[in-house]
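Number of protein chains: 2
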Amino acid sequence: MTVNEKIAALRAAARANGADGVLVMTSDPHCGEYLPDHYNALPWFTGFTGENATLAVTGTESALWVDGRFYVQADKQLAGTEIRSMHDGAAGVPKVAEWLADRFAAGQTLLLDGSCAPTDTVRKYADALRPAGACVKSLDVVSGIWGEERPALPDTPCFLLDASVTGATAAEKMDAVRAELNKAGATALAVTGLDCVGWLLNLRAHDLPCTPLAVAHAFVGAAGCTLFLAPGRLSDADAAALAAQGVDVRGYDELLDFVRAYDKDETVLVSPASTNYDLYNALSANPHLTVREGADPIQALKGVKNPVELANIRECHIRDGVALVRFEMDLEKALAEGKPLMETDIEVMLRRRRAEQPGYWDDSFPTIAAYGPNAAMMHYHAEGEVNSPILRKGFLLIDNGGQYDCGTTDITRTYPMGPLTDNERKYYTWTLQSHIDMARAVFLDYCTGFALDSFARGPLWAHKINYRCGTGHGVGFIANVHEGPQSLRPQNGVVFKPGMTITDEPGVYETDEVGIRIENELECVDAGANQYGNWLAFRPLTVVPISTEPVLVDELSRVQIDWLNDYHRWVYDTLAPRLTEEEKTWLKAKCAPIGR
Amino acid sequence: MTVNEKIAALRAAARANGADGVLVMTSDPHCGEYLPDHYNALPWFTGFTGENATLAVTGTESALWVDGRFYVQADKQLAGTEIRSMHDGAAGVPKVAEWLADRFAAGQTLLLDGSCAPTDTVRKYADALRPAGACVKSLDVVSGIWGEERPALPDTPCFLLDASVTGATAAEKMDAVRAELNKAGATALAVTGLDCVGWLLNLRAHDLPCTPLAVAHAFVGAAGCTLFLAPGRLSDADAAALAAQGVDVRGYDELLDFVRAYDKDETVLVSPASTNYDLYNALSANPHLTVREGADPIQALKGVKNPVELANIRECHIRDGVALVRFEMDLEKALAEGKPLMETDIEVMLRRRRAEQPGYWDDSFPTIAAYGPNAAMMHYHAEGEVNSPILRKGFLLIDNGGQYDCGTTDITRTYPMGPLTDNERKYYTWTLQSHIDMARAVFLDYCTGFALDSFARGPLWAHKINYRCGTGHGVGFIANVHEGPQSLRPQNGVVFKPGMTITDEPGVYETDEVGIRIENELECVDAGANQYGNWLAFRPLTVVPISTEPVLVDELSRVQIDWLNDYHRWVYDTLAPRLTEEEKTWLKAKCAPIGR
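Residue numbers (the working numbering), protein chains in the order written: chain A, 90 to 685; chain B, 90 to 685.
Treat the hints as calculated values from the structure; they're not laboratory data.
Don't take every hint at face value.
What the hints assert, rightly or not - Quick list of in silico lysine-lysine cross-link-like pairs, PhoX-like style, CA-CA up to 25 angstroms:
#1 K553(A) with K515(A)
#2 K422(B) with K677(B)
#3 K272(B) with K184(B)
#4 K272(A) with K184(A)
#5 K515(B) with K553(B)
#6 K679(B) with K272(B)
#7 K482(B) with K272(A)
#8 K213(B) with K184(B)
#9 K428(B) with K586(B)
#10 K586(B) with K553(A)
#11 K553(A) with K586(A)
#12 K515(B) with K428(B)
#13 K213(A) with K272(B)
#14 K677(A) with K422(A)
#15 K422(B) with K482(B)
#16 K184(A) with K553(B)
#17 K428(B) with K272(A)
#18 K553(B) with K586(A)
Take the sequences, apply the hints, and build the full model.
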């Protein structure tokens, strides 16, 4: 089938169901950032392979909205099809909802698969169509067309992490969730986020690349908990361990039936942003259940790591640090030997060194290795024909991370490959100042991500430079490399607490010139109390030297220099016991104090 | 009448009206920070003279809540009366609402004067009593008891500021208000804040000490505007000027009758926080009026100063700067001559120098002159027996300001009086760093007061020191020295815009040791746009040298030193043309660059 034939099939399916159009989104029943191929229909239907798009098909038209990262790619991949490429966010381009509102008339119906769309997204489209007298109906017409070419649901072996790794049993976590539900006036929770299910039951698998989670749902009630997972995926021992903690197991696709048949009276806390529309409706329709809208308490609970998790996270960062040291030595050797290097070589070199470390499972995301101006594109990923040679000048930006049996890492370093321009040194130095000012912040315990974000932006803003993204995000524990609810970014209202982990990754991205980012993970720590209140601070988790060669030392303040030298002393002391003499000598030089 | 007799009278009045208790607050019909003595009943009823208290009287008990500034004073002034002194905010002390909820039973009634209480405050107490089945009733029993000793309403001559001073006519301001009302889906506004009435109609008087406003209300409708002001207070010429702009004038006490009789259909925007309860109810009860709750648009409009106002504000700061230079020279002379100085002498010395300046009307608030440890009390005011001698060591903190015919000023300097301790120098230096980091901030146009506040707190937080107040507040234009909606403080969500003025006044307050504050007013300015967005920055309005003698120069970064030296160069260049040769020589030395 061609793309146009597939679109025609969607159109025909709408007509056959008495409707006038179809909407297909990058979304799945779990409303997460990372979705299994089984649910990722848009590449097959449209030929567009980027993340995060929305396809609208009416009786006569079709259009695909993509964000700024993918304008060029969408134009190229949609060329020759009937689908119009819509640059979402560009001036003069209507939003999906506006476009639909202009095209649907009274009595007309738009189909979308409510089992694969967040409730608040469906509400947004319904609100847009209502003034015209048109409506939205939940119906899956995608499956019938996609048919045999559709990838199966993932089915990798599932396993439970021991409480010695996670610091809390599933039973303890359920108690914590119930305590939070109680505070919110609720008794039950439908858990649909893969990371939330994984956190709650200490359940992991390898269902998604780079993300060691299982495709599953759960339902926590006042008295029990049910896990919805495809049969046969749990070992008997793990199934018994869950049963002993009050967890019943049913089939993955039984959640909706379970909700419809639920006959105990409960108040269910539901987040419309992370609960799919069909599930929301099933919960609302059951007279035994009262729906109360609110934030999913698991988000906040898993955002704060417990002491066992933190000890494990620190260990995985030491392993990651050893791998990164060896990688950088390999890189320098290759450069010294004049070996031709392409961007795509970097991922291989890194994975080789990470794989030497105990407990390494996978990368935590596809490595970004971006040479020179390529690094100015924040979401650049070298692959296939998109691949540049690494020259012996300028910077190489490498953003990467690992999944270990004791944690998840995320780190960016920007390495000098040879001579640097004055601008490159300036941008590097200012980025480093931003990184340091975030890392050394001491603050009171009422500070939100928005308030803290200012510390990182200050040094770059002084030069009227900004990065068009957050300063940092939460990191999952053996889970999603991006995790909420905390983040360092404008508008984020989550108050920081000890035990939260966060990335600190300011950058400079000058189009066609250079991209620089310096990223450590930080742990939020208690810094003591005095008459003024409870103080918090950050402590680095990442144990990898930061290149000092590009630094314009005179731009740094004394406290910034002291932070960097202290960091490097700690990096050396922490990694040295796991390194050879040759590696120690190399690292000693990389960690040499500056500005003395 | 003794205090106990007055309380007994309140109790009797409640009984006589079929009620069971009375609540009296520091509040007036205008819901402002500064209230005329006419409305300030609590000093007369209780003997407590501090600001901001709440008195509750039941059939058998009475209690007065005061905040942390006034614990000691209230204990002293209430001693010997039946009124219990309640330390509001202290551990174990019930809040007013909790205390009332514990004492009122089903069917009982609490009286309060709803014409003198914000709607949301009354709602809070009504909500607290409702679960017990008790209720709140608006009734003024205060006036009948206070009787002849009650001060009359102020009646100073009113006058209109010319548009050459304010930059906009009343007609233009009404248009601006109507445009904002329209955005909020409303057509009318009851204007009750004295500063809001003053801004809207360019109306001023000297009804309150330090605050050149008139006690008046206004009502803006879709087609007209009515000013409620006591008869005879406007000159015929001013009354005619207002009439020509569509402003009708009625008696001050006619507002409620006017609202009740209003017969045009309007949607009235009402802020429950700044609209008194009786007015709110009158608006709600009129079937022609639809009440829509929302923020008063005048707050946001007057928070951004127009170019004419800004030019005038800059001029008044130059005058203030000249006065402050002469004052500091007088102070140094007195110290050099060994003249005994008390804290209360400072206000007199300052006023003498300000009075030499053209267009000086009044101070903008009672001068705070606090020597040594007294300055650690943030709201210290020397007066009567509270008065310390100024020794020749340590610091003298002076927070003061003026009302001129072209603007309102607010400035704090902390002057060394002789030898300083190491701690004093450290605290002074860190305070200065905080002040400078706020003043030199460059930021994008989405920043709120909360996000910006971090810039100022960072340098003090690094030493685990905080000040328990905002970094700064808005300043009225020939009006209240404290003005919203913008402020630099935690939780403030107002986004900064060019033309906003704000104080920058971080401090260190170490109990029984020292108090330090350094305050300039700043103007938020457009700093240009580039690919990253629209940049904003601050420019100092205050033109007064900051003592450099206490500064530990090595603690300052290069950019902080540069800011200070640039500031002092500008102070000298700006003031010199208005100074004598002797004064110029003195100022040149005070403005000498440091760290070179």
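These are the hints, each one checked on the structure:
1. Annotation: proposed proximity of K553(A) to K515(A) holds, straight-line Cα distance about 13 angstroms (limit 25 angstroms).
2. Of the pairs offered as hints, the one joining K422(B) and K677(B) holds, with about 17 angstroms between alpha carbons and a cut-off of 25 angstroms not exceeded.
3. The straight-line distance between the Cα atoms of K272(B) and K184(B) is roughly 38 angstroms, outside the 25 angstroms bound, and the hint therefore fails.
4. With a C-alpha separation of about 38 angstroms, the suggested pair K272(A) and K184(A) falls outside the 25 angstroms cut-off, and the hint is violated.
5. The suggested pairing of K515(B) with K553(B) holds, with an alpha-carbon distance near 13 angstroms, which does not exceed 25 angstroms.
6. Note on K679(B) and K272(B): the hinted pairing is violated, with a Cα-Cα distance of about 51 angstroms set against a maximum of 25 angstroms.
7. Between K482(B) and K272(A) the CA atoms are separated by roughly 55 angstroms; this puts the pair beyond 25 angstroms, and the hint is violated.
8. For a cut-off of 25 angstroms, the pair hint linking K213(B) to K184(B) stands: about 11 angstroms separates their Cα positions.
9. Distance check on the hinted pair: K428(B) and K586(B) sit about 47 angstroms apart at the alpha-carbon level, beyond 25 angstroms; violated.
10. Of the pairs offered as hints, the one joining K586(B) and K553(A) holds, with about 17 angstroms between alpha carbons and a cut-off of 25 angstroms not exceeded.
11. With a C-alpha separation of about 31 angstroms, the suggested pairing of K553(A) with K586(A) is violated against the 25 angstroms cut-off.
12. The hinted pair formed by K515(B) and K428(B) fails the criterion: a straight-line CA distance of about 29 angstroms is larger than 25 angstroms.
13. Pair hint K213(A) plus K272(B) holds up; C-alpha atoms about 22 angstroms apart against a cutoff of 25 angstroms.
14. With a C-alpha separation of about 17 angstroms, the suggested pair K677(A) and K422(A) falls inside the 25 angstroms cut-off, and the hint holds.
15. Simply put, K422(B) and K482(B) have alpha-carbon atoms about 16 angstroms apart, close enough for the 25 angstroms limit, and the pair holds.
16. For the given pair, K184(A) sits about 48 angstroms from K553(B) by alpha-carbon distance, which is inconsistent with the 25 angstroms threshold.
17. Under the criterion of a C-alpha separation no larger than 25 angstroms, the hint pairing K428(B) with K272(A) is inconsistent with the structure, at around 65 angstroms.
18. For the proposed pair K553(B) and K586(A), the alpha carbon gap of about 17 angstroms is at most 25 angstroms, so the pair holds.
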